[in-house]
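Student: From these two lone chains plus the hints, build me the complex, please.
Same order as they appear, the protein sequences are chains E and P. Letter by letter, the first sequence follows residues 1 to 183 in the working numbering. Letter by letter, the second sequence follows residues 1001 to 1806 in the working numbering.
One or more hints might be untrue.
Here are some chain P residues pointing at chain E (derived, C-beta under 10 Å) [as the list claims (entries may be wrong)]:
(1) H1364
(2) G1366
(3) N1367
(4) E1376
(5) F1381
(6) A1384
(7) V1433
(8) G1475
(9) D1479
(10) P1482
(11) T1484
(12) A1528
(13) I1541
(14) G1587
(15) R1781
Chain E is nowhere near these chain P residues, computed Cβ spacing over 12 Å in every case [as the list claims (entries may be wrong)]:
(16) T1098
(17) I1100
(18) E1135
(19) S1462
(20) T1612
(21) Y1780
FYI, nobody ran anything at the bench for these hints, they're computed from the structure. C-beta: ideal position from N, C-alpha, C; glycine also.
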Amino acid sequence: MNMTNRFSALLACALVFLTFACEPDEPMIENEEEVITAVTLTFFPADATMETVTYGFSDPDGDGGNEPDFSYTGTLNANATYTCQTSFANTMGSIDGEIVAEGRDHQTFLTSTANLTFTYNDMDLDGNALGLNTIARTGAAGTGNLTVTLRHEPTKTPPVAINRPALAGGETDVEVTFTATVQ
Amino acid sequence: MRKCLVVLFCFLVLGGVAGAREVGNTSFPDANLATASPGGASIVARGEGAQRRNPSLAAGRDAVALTACEIALTGRLLSEHDAEPLAYATIYAQSAATGITADSAGYFRLPNLCAGPETFVFTHVGCDGESLTFELRRDTQLTVYLHHHDNYTETVTVTASSAGSGYSRELDERAPTQLTDALERITGVSSLKSGTSASKPVFDGVFGNRLSLQNNGIAQSGQQWGNDHAPEIDPWVAAYVRVVEGVEALKYAGPTVAATVLIEPAPLREDGGRAGKVAYGFQSNGRGNTLNGRISNGGRLAYRLSGTAKLSGDQQTPDHYLTNTGRREGNFAAQFAYFHDERWTSRAYASVFNANIGVLRGSHIGNTTDLAAALERDVPFFTADTFSYRINAPRQFVTHALVKAETEFRPNEDHRLTLRYGGQLNQREEYDVRRGGRGNRPSLSLQQWNHLLETTWHHELSPDRHLDASLQYEGTLNDNQPGTGVFPLIPDYNAGRAAGYLAYHHEKERFQYHAGLRYDYQTYRVVAISRNTSLPDDERIERFGHTFNTLGASFELRRQLTPRTRLRAGVTYRERAPQINELYSDGLHQGVSGIEEGDRTLVPERSLKTTTGLLYTGGKLTLNAGLFAQPIRDYIFLEPQPDFRLTVRGAFPLFLYRAGNALLYGANLRALYLPHREWEIDARLALVRGDNLTEGRPLVFMPSDNARLSVTYLPAPGWRLGAEGLAVARQLRLDAEQDFADTPEGYALLDLSVSREISLPQNRALHLRAAAQNVLNTRYRDYLDRQRYFADATGRNLTLRISYEW
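Only chain P is shown next, with the shape it has when bound in the complex (with noise of 0.2 Å):
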């Protein structure tokens, strides 16, 4: 499934290359430069090989090998992260159409290629697949680097790195817009919105607290607030986003019922060198300007530093404004790796991530009256005639800080010990329309300390199989901070969670397989305020206290059933406590338009996910078609109720957090297209389907049907040219009395891009992109946008980006 995200680094040599036209990483110029790993093994990386080894037959031959067709491709293939070899890895050339698999210590040789340009594609299990195209002149040798992950979902694609970019590439240029624009990428995955204001993956028909959230390996804290809130990363930072399940997802803290979204940075080199980049970004929708800096360098203390600064104005749909819509952000991010000697190795990194958010003024309502005038509206109330840049409320502010260190040492080949401590400080406030002078008093300030502490060993048994292991400690403190005056719909809470994991991957050439198992013990101690306000103040506080276990377990197996085509399958079974918001939410949730009420008794939610794949790799044609089911029984979701709550702002309906079965199923499909090597044609289908067993009736909030089909067209050396389509289906599954509105017809929306890259001299390089989204200004709503029931989605978006390199 899933695209093949990433890869970087291709260290190639300048003798053998020439004229290269696409280097992997655009972040990391310098990798160019061939220097020793951090690890100790050294890379070779020298072209000109078969000119010494047999300078006569090479100068004699020339002219002849044009067509004779005897050039040889040599090197090896090594995870990017800890230089380990990655043993039967895969080599295809495009244009010749022919591959190689590497041997067991990552070294392969690809003989019989013609001169002249060719496009590798470096693929491994695990792995973000990288291609490469550069003019083949005589034999050459490489070193690749590819992002390497024990097992994680996106294996599945193995060849379908979107060929000839590195995906950190695509996600800068994405960068501009929100984080979760850039997974939508992956197969699978949609986003659940609040309008404009904030966005949250789902993937395979889960969302929310069911789908968690890695930070640079730290599960983001906050998350399970709402799903109105976004999650707090600078995209900027983020060079890996990809989606983990099975074996790789049990690693991870966070509840999570199967699969886990990771978000990285890309990890720093000691043979790195001194590089820098500054890019600005302008968008006509909002009149938003993005500028980012970053500079990094190698060595022995090898750094990375980051800033971020936007800001944005009301956006608007192809009709109006969407009044209060601006966002400013300011983000900066520091990564540090000290090479202490070939055996350690420590890293810190910190980030900061502050936002002040504007939430459409017409989206805050006051009763189901209020709900239902804006229903009818085609305008929402409030809507400016101009543009402007200020934030007013409602509106959102955000801090995020995180601090992460971990020193790993490894005493021989065999072993490697990791000490990791991850600490975070989430702070959100939340500004509503308020009377008597109080807009500036927040109407929710929530603040969240978490801290992990994890120690994690990693055994090589032998050169295909390893062993993980993993032990956490998390613990949270969530409190709400006095002053909001209003009484706060969750609790405060003190969590604890200790947990173990270990797993077995067994990755031998033709078949592999992986097995893990993780054990959570997690407590909440709960401090709850009674709403009976004729008691005296210490008697309306209760305290609670919850002790849950929980159990996760997984298989997975791939097999390669001929050249061409693996198969894969996986069994993940999942147990994921209640959140504090299903056990202690107790009143209105203006945003929904309802009064939830939570269960105290709720268990944890056991659930099954069967997955099922078949890859093919053929010449031009990858096809990768995946098959999902996943029942859950205990499933916690909201009633609703027959009956209305009665308050002073009219009746509203009554929500029961509830245990039930439920069920989702799907498929999704993905064809990437290779007809020439200046065309690619990428398609992808995703179907989810969810039952709520209990009720007899559709999970609320699952992606509709959709379907994308992005062409790119590389005209020239440095030029791309791209087009996107994307069609939505209305979501058709779901009872009229399920939702306050119908839902939305379905649309297609299209999307054009085009780049111009400049290599400049000594290693620089200027990057030039226009695009816009939307192009043809459709108007549409979406099912998974919670603000469709107040306006259109946004129309018509040109985005200008710069940026510079060296």
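Isolated chain E (complex conformation) (with noise of 0.2 Å):
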């Protein structure tokens, strides 16, 4: 409604008024093209044999409202090596192409507490880590938290590391703790 009819439709409010407010008029439900409400990482494992594992996140609602579903599927096994994309997404698709167009503004990282390290095995336009493609290898079996964060606008240089993002700065655009089991 532009703003004469808006102008308009308050005077005709303020005629009847008296007792009651008008109605207001129906809002545009906004597409939250930009929030992120579904991680996802999949581990491709270097011996065919292995089973492919997921693990996911989804909270369509976004903050607030319902609790996010965590999912898993399969199991990583111990001493294993795996490559692990990671990929964001909501519910209008997938998000991870705006964050390769803008690679330089955006880091991955990976912290593990279970025995699973990660090296990155991307990167931007600049030559540094992105971090949405990585290696990753598992140690003796266990579990533990494994934690990803995406970091908007971070600072990509040494000593930041794969595992170490309090050191990058920026903000925090994800950051979503799975419990990661190795078998």
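Tutor: Encoded structure:
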């Protein structure tokens, strides 16, 4: 509704007012295309005989509201190597393209308290780490946390490392903690 | 309490006044010309009276008079606004240490004065005091206009105007800084800040939507949106800034639990002359430049036009720049008055405020991990090594337009009827650092229309008793503008309010009382969007309605105990309906790193504020002490929950709006000491305590104990030197889990200033001022500043200001 209409609507209200305020117009529901509501880690094993493992986080109603869902398929094997693809999405689709396009302004960090270490396997246009694609190596069997952090406008130079997001600064767009199990 | 700010317009006559050193109001230099007032009351403004009445005596005793002290000052005190006589005003001569009270028609005669320079202080209950210094040579007559307000808090101070200078000048001098800086000079007022970008007043521990602001008599809209939004008002237009409570505060719309802040331009007068002023100010911190120009004219159609432009860049702490804290502002105001005839006056006012305000880049955080990292740093992330005027995201873009029109009809001396319309359009856009080139799309875009229709009736029952009544209707349309790509924190709503107000004022010489009653009928119509994305769109839209009936009542009295002591006491009961954010907030408030959820079942808060105070007006010393206690039932507050809400950015603390019981209490003390007419010493102390009785712990955002001491030295006519110290204690009354970080240490700041006024021929004047704030470049963080989690407060600031008046 344009301003003139709004103004006349208000005047009309003012005439009938005295007891009731008028009903507000139907609001437009925003497409929250920027919000990230899903995070998926897919572990592709180097050894093709092992199963592909996925860790998923989903919170379609965004901040607040219902609690997010975590989903796990498959189990990581001990002493193995995986290529790990991190993917971000919302209800309208994948956001990975946007992150790659603004690779200089983004970096993903992966830290784990299980026997699981990551190294970067991709880079932005400046040759600095991006972190959507990483190499994961498992050690002995055990259970711990695995935290995925996506930073916007971080400092990308050392001592910043894949397991040290604290030094990068910037703003956290994603910080999701999964339970990682290595068998 | 609080300081008697202002006052203006001393029309005094040239004949009897030689070498006038200070005239009350700098905005209206032409005020020196005596003419007829709009109300028709004649203004006597002539000197030489005694000489003509008794020439031989005057001539013969010229030499003798110096020692015999037989000069008389006679005159009349009138209200600046409507030229009504100010009954029982007091007139006090400082050097002679003698005073007198005017009669019921405002006439006074102060005999037995000595020749030589003398400072007179004019005060009246409900007025801002005014002081005037001039060379007394012979009997003198003058008419003094005081800025009158029925029964406002400041009343208490009576004489406490900063002697020698009207408040509008003081405000003008400080205008390059924010409006709340001027407000802070009122005892009991502190500022709740978001760094350099926003600041709101806190009075007696009350702030935000419990302390409404009246811009030119119209409740400033948009202030309910949050504490990180500053009032959209150009400080250069405001001539009067004050806090009122009790009966006077009942008159105004807006949610409030006791007091309200009034910000007003100086009224126009038919007998005002053509005047103008150009002022330029420079601030070293932020390399800020401010230019203001204004012209005014009296006459049947009187007007004043004012325009302000402001450009400032990154401010700095003693150690580093505060990157992205620049500000650009362009404001314009036009004020008109048309004096149809002696009984009928119409006024119009229009103003536009536009500001683009940078927010410290390093204070924009994504989650609690970022907050923890920021707290550990001395220098915030994203701090640049170089200065810049550039304003990037995060930033706020604010537009506020106000139109006010009123017509006032006085069928006879005893009645005054006013019909008033006030319309506001407030647009606020907040830009965040966003992904995918969305930095140019606002994350929050709100538009609010507000219309107020009001009729008032003022009835003089006798010279010292009158009635005031008003009826108001206010309508508000608040809409989130589509296209932000962000789920709005506050839903769209329409609000309606119908209110009635009635007050009785009884103002006898030694005893005054005031009683007031207010009733508000309020409705909200809310359309909220459910976060449940699995529902079809039309089912996600939910409509709600609320109706609140709220009552306000106040009784205040003042009594003259002895010629030098006056006692005041007041009781005010107010109900405040819950605001939309308290009812409907739903989601992450990134600024405060927490998820806030409103409660649709909240009921109005009920507050009972009791105040009492004692005023002593001695020869050189004025003391003003006040105490208050304010229990509030169903006090709405954010209660932290034990559980956290998990989001894609990690876990956030959850806060629910809840109702409980609270108690606010405190004391303030002001002492004004004038040991000599060249020296003024002003000391102020404010203590406020707030307890959440339901939770059994202190309320957050209570100002810590603070004291101000200012010393002014007037070495020669036109010169003014000032030093002011501010000491703020650490806020210890807070549990550790109530805040993200320890409360900051106490601090002390020193400000210095020197100003010189040069009178030029033809009533023109050049005013020069140099000042330094935080002279010692002290590193500090203030408890009431939300930016304290990220950076120190600003360091030393030198301001230079030059203005030319004609």
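Student: Would you mind marking each hint as holding or not holding in the structure?
Tutor: Now the hints, each set against the structure:
1. H1364: This interface hint holds because 6 Å falls under the 10 Å limit.
2. G1366: P/G1366 check passes; min Cβ-Cβ to chain E is 4 Å, inside 10 Å.
3. N1367: With Cβ-Cβ at 5 Å, under 10 Å, it holds.
4. E1376: holds (9 Å)
5. F1381: Holds: closest Cβ of chain E sits about 4 Å from P/F1381, inside 10 Å.
6. A1384: violated (13 Å)
7. V1433: With a closest approach of 6 Å, the P/V1433 hint holds.
8. G1475: Cβ of P/G1475 sits 6 Å from chain E, so the hint holds.
9. D1479: holds (7 Å)
10. P1482: holds (4 Å)
11. T1484: holds (6 Å)
12. A1528: The hint holds - P/A1528 has a Cβ within 10 Å of chain E, the shortest such distance being about 8 Å.
13. I1541: holds (6 Å)
14. G1587: Where the cut-off is 10 Å and the nearest Cβ of chain E is about 5 Å from P/G1587, the hint holds.
15. R1781: violated (20 Å)
16. T1098: holds (57 Å)
17. I1100: holds (51 Å)
18. E1135: holds (57 Å)
19. S1462: Nearest chain E Cβ is 35 Å from P/S1462, so the label holds.
20. T1612: Its Cβ never comes within 12 Å of chain E, the nearest being 39 Å, so this holds.
21. Y1780: Since the minimum Cβ distance to chain E is about 24 Å, P/Y1780 lies beyond 12 Å and the statement holds.
Violation of the numbered hints given earlier is confined to hints 6 and 15; the remaining hints are satisfied by the structure.
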